[in-house]
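**Student:** Sequence:
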Amino acid sequence: MKGRVSVLTLLGVSLVTSAGGALAAGCTLAKLTELPVTMTGLRPVVSAKINGTDATFIADSGAFYSLITPNAAAQLGLRVQPLSYELTLYGTGGSSRAMYTAVKRFTLANISLSNAEFAVGGSDVGAGTVGLIGQNILRAGDVEYDLANGTIKLWRPKDCGKSELAYWAGDKPYSVIDIEWASFASPHTKGVAYVNGAKITVMFDTGAAQSVLKLRAAERAGITPDSNGVVQAGYSHGLGRRGVQTWVAPFSSFKIGDEEVRNTRLRFGDISLDTADMLIGADFFLSHRVYVASSQRKLYFTYNGGPVFNLNAVPLSVQHADEPGTATAGTNTPQGPGASGDTTAGGGGAPSADGTPAAATPTDAADFSRRGTAFAARHDYEHAIADLTRACELGPNEPQYFYQRGMARLGNRQPFQAMTDFDQALKLKPDDVPSLIARSELRLEGRDVSSAAADLDAADRAVPKDADVRLGLAGLYARSGRFESAITQYDLWLPAHYEDSRRIEAFIGRCRARALLGQDLPKALSDCNDAVRLNPKAPRALDSRGLVRLRMGDFDKSIADYDAALTVAPRFAWSLYGRGLDEVRKGMSSKGQADMAAATALQPAIANEARHFGLNP
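Reminder that position 63 of the sequence shown reads as 47 in the numbering used here, one-by-one numbering, no gaps.
Just so you know, the hints here were simulated from the structure itself, not pulled from any lab data. Treat each hint with caution, since some may be false.
Listed below are the simulated DSS-like cross-link pairs for lysine-lysine, each with C-alpha atoms no more than 25 Å apart in a straight line [to be verified]: (1) Lys183 - Lys15; (2) Lys33 - Lys142; (3) Lys449 - Lys521; (4) Lys174 - Lys137; (5) Lys146 - Lys239; (6) Lys570 - Lys541; (7) Lys88 - Lys146; (8) Lys15 - Lys33; (9) Lys174 - Lys142; (10) Lys282 - Lys15; (11) Lys521 - Lys541.
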């Protein structure tokens, strides 16, 4: 980039207030700015404007610099230029070479900046966002992350010296740890923690939805993928081009500062992380209030209560791992730590009698919305629905609030009430894409395929040609049996997302759609070959290629693919059934019938589904 964004110019000091709470005499905190945060799942999202166009970013403390993705830059009409030097972006999925763009008018938190420079690179970052707000902005001063209450505040301390800066804690317990010296070249917030007694370096990364431990660090703590109680947890996708296999395992202890989480479960994987052993993600930030005092090289935090690590493990068998771990809080208080298994929380975010964080009471619809989405991200649906209901009452013409409440109600297993909310959101805004997609999924669950397809068609018309959401639309079209439409979505998505780690999903989906239709089989085989090259052990890629080769009459190679898929996922019904069809057609009738019977035991309707696509013994 030609030069660094001047964060002080961006943030200014026009907004100056004194922080309340217990600060040492003479120590004051001047608030530089406050960023309202809406949780989209486990993604902390902030709103901005790019040349007058509304845009949202993920607030990512793990990003060294603010970033716009190539696809978003193209949609926003931004001129992307090469750098005069090589700059590589690193993420959990590998690396990506960066370019840059200058935004003529960039607005964040009602403060505008001219010719703001952003790195451009990587894959889409999700949550409907265009990129990341990184450390070049978040390190303008000390930074306080209060995601449970929907805010990130930037502070400038004055005359604080070694004063304790957990100003909200009062006489409640809090923890403090030393953090490494940060610079422009190495701006990340890093400190020390212990897993099963093994010392590790952790990096605090709000851009990581879930905390994750490196495979080698897990091994030092005595845990491997083959250890007792370990389950596969699917693939993690980050900035790089590859997805990373992850697992969830029981750990006896995670200790950071004066806080210890006992008998918890942690995610681990072979992530690309050179300077730390673990990413402390948004799940930790939601369960804590965190103050990063770069001015002191300290980090203060208090515990909000509830599970510390949000684990929704989705192994190949589509199981879900529950998170049992709660914390024993810090000792920087006269009370001392709680007993083992207690949930002794810090102040300023500790649940009150009704379980809500002790913070300033929301005063408008936006405040209730932000706090409600934070509750939903922590799976506290009762309080999420209460807050979002208040948001709907105060802002009855805002479709987003009804969509958010609908998603919370879905999480709370209230599909009929959720459908009412999505209907209302779409009454207010007929082309609201998130609501159209959510309603289509509900309709598919209820087997109302024609209405679901109508919602998908409306979403298809509403989004740009190269929109990231088309990958999700493709999968939903496939679920509704409209494979031609699914292929069209993949055709639009793939050329615009050439560095995305989810390309393997698109190759598999397009290959399988063509295989089930029995059309363009050479193209289908090429897609599956691309998927297998990206991950030679991906069972869905091997299974889909087996189906293509079954259609093409190449039974031996088809059986080899199914064998490989079943080695990784032995209960994959379609691989068993497909291999049985191959075997019957090769004259191995008894073996084929045994495989098809095993598949039917796992998935009773599989024979009827196969016949629907002309796949008969």
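**Student:** Hints first: check each against the structure and report whether it holds.
**Tutor:** Tested hints:
no. : hint            : in the structure
1   : Lys183 - Lys15  : violated (35 Å)
2   : Lys33 - Lys142  : violated (31 Å)
3   : Lys449 - Lys521 : violated (32 Å)
4   : Lys174 - Lys137 : holds (19 Å)
5   : Lys146 - Lys239 : holds (24 Å)
6   : Lys570 - Lys541 : holds (12 Å)
7   : Lys88 - Lys146  : violated (40 Å)
8   : Lys15 - Lys33   : holds (22 Å)
9   : Lys174 - Lys142 : holds (24 Å)
10  : Lys282 - Lys15  : holds (18 Å)
11  : Lys521 - Lys541 : holds (16 Å)
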